[in-house]
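Undergrad: Taking the hints into account, I'd like the entire structure generated from these sequences.
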Amino acid sequence: MPPSANAAAHPTASAQPLLELRGVSKTFPGVRALDDVSMQIFPGEVHMLLGENGAGKSSLIKVLYGAYSADSGEIVCEGRPVEIREPADARRLGIAVIFQEFSLVPFLDIAQNIYLGREPRRALTRLVDRARMHADAREKLAALELDYDTRTLASDLGIAQQQMVEIAKALSQDARILVMDEPTASISDREADALFRVIGRLRAAGVAIVYISHRMKEVFALGDRITVLRDGRRVASMGARETTPDALIGMMVGRTVGTVYERQRFPAVGDVALEVRRLTTGTGVKGVDLVVRSGEIVGLSGLVGAGRTEVARAVFGADPVTGGEVRIFGEHVRGGPERAARHGVGLIPENRKQEGLALLRSVRDNLLAASLWRLFPSGWFRAPVARRKAKEMIDALRIATPDADRRVRMLSGGNQQKIVIGKWLAAGCRLFIFDEPTRGIDVGAKSEVFALMEALMEKGAAVLLISSELTEIVHVCDRAYVMREGRIAGELPRDELSEQKILRLAMHGESKAEPA
Amino acid sequence: MSRAPGAVVRRQRPLPSIVAITALFAVAASLAVPGFTTGPNLTNVGQQTAILLMLSMPMTLVIMSEGLDLSAGALLSLCGVVLAKLLVAGSGLPLALLASVAVGFAFGIFNGVLVSVLTLPPFVVTLGTLGIAQGAALVVTDGNAVTGIGPAAASFYALAPLAIPISLVIALAMWAITHVLLYHTRFGNGVFAIGGNRDALVLAGAPAHRYHIGVYAIMGAVVGITALLLVGRMNSGHPTVAIGMEFDAIAAVVLGGTAFERGDGRLYGTVFGVATIGIVRNALNLLGIESSMQVVSIGVLVLLVILLDSWRKEKGRAAP
Numbered sequence: 037m038p039p040s041a042n043a044a045a046h047p048t049a050s051a052q053p054l055l056e057l058r059g060v061s062k063t064f065p066g067v068r069a070l071d072d073v074s075m076q077i078f079p080g081e082v083h084m085l086l087g088e089n090g091a092g093k094s095s096l097i098k099v100l101y102g103a104y105s106a107d108s109g110e111i112v113c114e115g116r117p118v119e120i121r122e123p124a125d126a127r128r129l130g131i132a133v134i135f136q137e138f139s140l141v142p143f144l145d146i147a148q149n150i151y152l153g154r155e156p157r158r159a160l161t162r163l164v165d166r167a168r169m170h171a172d173a174r175e176k177l178a179a180l181e182l183d184y185d186t187r188t189l190a191s192d193l194g195i196a197q198q199q200m201v202e203i204a205k206a207l208s209q210d211a212r213i214l215v216m217d218e219p220t221a222s223i224s225d226r227e228a229d230a231l232f233r234v235i236g237r238l239r240a241a242g243v244a245i246v247y248i249s250h251r252m253k254e255v256f257a258l259g260d261r262i263t264v265l266r267d268g269r270r271v272a273s274m275g276a277r278e279t280t281p282d283a284l285i286g287m288m289v290g291r292t293v294g295t296v297y298e299r300q301r302f303p304a305v306g307d308v309a310l311e312v313r314r315l316t317t318g319t320g321v322k323g324v325d326l327v328v329r330s331g332e333i334v335g336l337s338g339l340v341g342a343g344r345t346e347v348a349r350a351v352f353g354a355d356p357v358t359g360g361e362v363r364i365f366g367e368h369v370r371g372g373p374e375r376a377a378r379h380g381v382g383l384i385p386e387n388r389k390q391e392g393l394a395l396l397r398s399v400r401d402n403l404l405a406a407s408l409w410r411l412f413p414s415g416w417f418r419a420p421v422a423r424r425k426a427k428e429m430i431d432a433l434r435i436a437t438p439d440a441d442r443r444v445r446m447l448s449g450g451n452q453q454k455i456v457i458g459k460w461l462a463a464g465c466r467l468f469i470f471d472e473p474t475r476g477i478d479v480g481a482k483s484e485v486f487a488l489m490e491a492l493m494e495k496g497a498a499v500l501l502i503s504s505e506l507t508e509i510v511h512v513c514d515r516a517y518v519m520r521e522g523r524i525a526g527e528l529p530r531d532e533l534s535e536q537k538i539l540r541l542a543m544h545g546e547s548k549a550e551p552a
Numbered sequence: 024m025s026r027a028p029g030a031v032v033r034r035q036r037p038l039p040s041i042v043a044i045t046a047l048f049a050v051a052a053s054l055a056v057p058g059f060t061t062g063p064n065l066t067n068v069g070q071q072t073a074i075l076l077m078l079s080m081p082m083t084l085v086i087m088s089e090g091l092d093l094s095a096g097a098l099l100s101l102c103g104v105v106l107a108k109l110l111v112a113g114s115g116l117p118l119a120l121l122a123s124v125a126v127g128f129a130f131g132i133f134n135g136v137l138v139s140v141l142t143l144p145p146f147v148v149t150l151g152t153l154g155i156a157q158g159a160a161l162v163v164t165d166g167n168a169v170t171g172i173g174p175a176a177a178s179f180y181a182l183a184p185l186a187i188p189i190s191l192v193i194a195l196a197m198w199a200i201t202h203v204l205l206y207h208t209r210f211g212n213g214v215f216a217i218g219g220n221r222d223a224l225v226l227a228g229a230p231a232h233r234y235h236i237g238v239y240a241i242m243g244a245v246v247g248i249t250a251l252l253l254v255g256r257m258n259s260g261h262p263t264v265a266i267g268m269e270f271d272a273i274a275a276v277v278l279g280g281t282a283f284e285r286g287d288g289r290l291y292g293t294v295f296g297v298a299t300i301g302i303v304r305n306a307l308n309l310l311g312i313e314s315s316m317q318v319v320s321i322g323v324l325v326l327l328v329i330l331l332d333s334w335r336k337e338k339g340r341a342a343p
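Just so you know, the protein sequences line up as chains A and B, in that order.
What the first sequence shows, in my numbering, is residues 37 to 552, in sequence order.
What the second sequence shows, in my numbering, is residues 24 to 343, in sequence order.
Since the hints were derived computationally from the structure, they do not count as laboratory data.
Using N, Cα and C, we set each Cβ at its ideal position, and we do this for glycine too.
Don't take every hint at face value.
A few chain B residues that don't get close to chain A, going by computed Cβ distances all over 12 Å [said to hold, decoys possible]:
(1) Val163
(2) Leu182
(3) Asn220
Ranges between beta-carbon positions, derived for each pair [said to hold, decoys possible]:
(4) A:Arg443 - B:Gly166: 42 to 48 Å
(5) B:Arg233 - A:Glu119: 20 to 26 Å
(6) A:Ala228 - B:Val147: 43 to 49 Å
(7) B:Gln35 - A:Gly415: 49 to 55 Å
(8) B:Pro144 - A:Glu119: 51 to 57 Å
(9) A:Arg187 - B:Asp165: 32 to 38 Å
(10) B:Ala49 - A:Thr358: 43 to 49 Å
(11) A:Thr358 - B:Gly58: 55 to 61 Å
(12) A:Arg168 - B:Ile266: 35 to 41 Å
(13) B:Leu143 - A:Glu521: 57 to 63 Å
(14) B:Asp165 - A:Trp409: 33 to 39 Å
(15) A:Pro356 - B:Leu121: 56 to 62 Å
TA: Pasting the structure below:
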């Protein structure tokens, strides 16, 4: 339980919490998303929720609005235990959520989107009262200082405008508990200021606000109290005045992700394998510079949405490059994934089941998928060659499969990951981009993936490792780049690699935003 | 302009291409096809397209919900046969119509539950019900036409209040009802949401399954009503008469600019699509071109209009 001294800092400390979580847990196969989380939310407070990627913030929100139901623990609303099984239950309790993934319907207009499922109806005919709906919508938007024509279709709105409509939608529910998931991530300062003024008014009116943010400035400008999550557990709750950004970062890092892999060898670094200059894409990468040399594992870190995967996809040719250039082994590469693969780049994608494997095909088919053009230059498939090559890869990577004909779907996550790596190895790649390679695989398989990464590197391959697990970056990489909002926020050499430094760069750039 | 910086001004949506195409075809037909503009022929066009208009209205809802109903034609045959059989058995027209609507509604609910609750692909589901409905129609009739149904259906079909054929009156009423449903009810917004972002509807606490099943149920029930027009026109029931009518209905919706994704559609576009198909078929008839060639030309037309629409969309995106 939170020490009551913390609550004393709060103006309504004597009041009953509006909403209370008591020992809430939620487990998915292999993942403890929430582990005995307790939290009190008081009327008229802005409660900041902080945590690294995967700390359990999203799961907590989903439990609050009924997308997940908790395995154990209870939710208490104004002293009464309540059940939130579906979104409609949350709505009845007066809980509204501003989603980060937009919940707008493209071919409905702004007013229809704001009132979806709650459209005001005329008493007699039960038809939607459009005049009132638009008038109400205009009023909600005016409160946010927005001058939007409410007849505009959502499909005609930009990202920031969609976010503002999303906010208006949540506000229109006259919620008592308003949950905001990084509401300012995609809007301008002017719009954010308008939002903050609304938050001020809501707080004065006794609304409880749960606010997730990665911006330290907001955390301290808005927050009354702060709760930090790590590994699905609550680390601490405290008044905003009782802590500092560095103290918070200290609480967020230090995840326990099983046995941490320890890098064994650091061979001499070779030639430049990948050189990215002022890389810019339509997917949100803004002028990224980075270099990876042979015999080196370079980390690319940052929070989810910072643009790491987008860099990987652009280097691989999966997304078009709109500015800057990509040089692979000194050659300027343009065009699609096929071109990049022939230059020796292999991408081990974040989403291996969809982008890395054909789950219903055999181990052999998957292993050879990227090297068919090399093995069979004439275009005719020769089974003995395929069998031999597949066997070679299975042995080299120690893939645990009864035979090469087994469907990939039947194998464990770790073995599937090895097959994705093997696919590029068979194709003769020398630059490997790993995007979250350890997601969803068990601890033993994680070590194997890293051992494999080291083995590749020892043979002179270059590795770019994208990972949200800060410990992985710290323990495995020669050096690391940290991204924030589509840009490189900084580069950390081996002797400066620490979770604190990475997180500090990821959350507020250099150390300029820190108070004295 | 008094708009503040950052204001959002509504963009007028461009008219669907089909509006111009319908006008073009109407002018071309009246100039080039002898006998097209005569009063009796135009009445004929109206009467011939009434059934298509009936089917196309709920089909628009189905396609806007990112769905498809391939079973509509076969179901229409089945409903017609059921209606005719009951008339032969001596039941009154209202009871026969009720039975027809009930059969259509039941099939619609079945389609809807499979699509919405079991989340099976509409293409596969309705392909299955197409087979079931078509087979049932053949079994019930031994593959023969159902004749001797008495004068009730035919004399209803011959009604013409204010000199407008009753089939056209009913079809236009269907348009009006569908318009109100789609644009003035919560259900209508739900249809847009099912196609555009079903999660949003669920998160809003709205009865998404009920709306989704409702779309297919309406389709089925309307097929049941349409069966009366079909039987009245032919003065008999026939187990294979409506084969391919779902093709025309889907074609009309697509011609009208409704997309198969994201819940992007406009009901009046479908009406123009129906009109274009009606004009083309009638003009080709008058020119003595056989029915199979008419199907080919409608297919070609659909592809051309889709190309035109996607080209305009690209251009629209590049412009601002």
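Undergrad: Now look at each hint and say whether the structure bears it out.
TA: Now the hints, each set against the structure:
1. At the 12 Å boundary, the C-beta of B:Val163 stays outside the reach of chain A, the nearest C-beta of that chain being 39 Å off.
2. Distance check for B:Leu182 against chain A: the nearest CB is about 29 Å away, which clears 12 Å, and the non-interface claim stands.
3. The beta carbon of B:Asn220 sits about 5 Å from the closest Cβ of chain A, which is not more than 12 Å, so the claim that it is off the interface is violated.
4. Here the CB-CB span from A:Arg443 to B:Gly166 is close to 45 Å, well matched to the stated 42 to 48 Å.
5. Between B:Arg233 and A:Glu119, the C-beta spacing of about 22 Å keeps the proposed range 20 to 26 Å intact.
6. About 47 Å separates the C-beta atoms of A:Ala228 and B:Val147, a value consistent with the hinted range of 43 to 49 Å.
7. Range check, B:Gln35 to A:Gly415: about 53 Å between beta-carbon atoms, so the 49 to 55 Å window is met.
8. Remark: the range hint 51 to 57 Å for B:Pro144 to A:Glu119 is contradicted by a beta-carbon distance near 34 Å.
9. About 57 Å separates the C-beta atoms of A:Arg187 and B:Asp165, a value inconsistent with the hinted range of 32 to 38 Å.
10. The hinted window of 43 to 49 Å between B:Ala49 and A:Thr358 holds, with their beta carbons roughly 46 Å apart.
11. For the hinted restraint 55 to 61 Å between A:Thr358 and B:Gly58, the CB-CB distance of approximately 59 Å keeps it satisfied.
12. Remark: the range hint 35 to 41 Å for A:Arg168 to B:Ile266 is contradicted by a beta-carbon distance near 48 Å.
13. At about 42 Å, the CB distance of B:Leu143 to A:Glu521 disagrees with the hint of 57 to 63 Å.
14. Remark: the range hint 33 to 39 Å for B:Asp165 to A:Trp409 is contradicted by a beta-carbon distance near 59 Å.
15. Take A:Pro356 and B:Leu121: their Cβ atoms lie about 59 Å apart, and the range 56 to 62 Å holds.
The earlier numbered hints that this structure contradicts are 3, 8, 9, 12, 13, 14.
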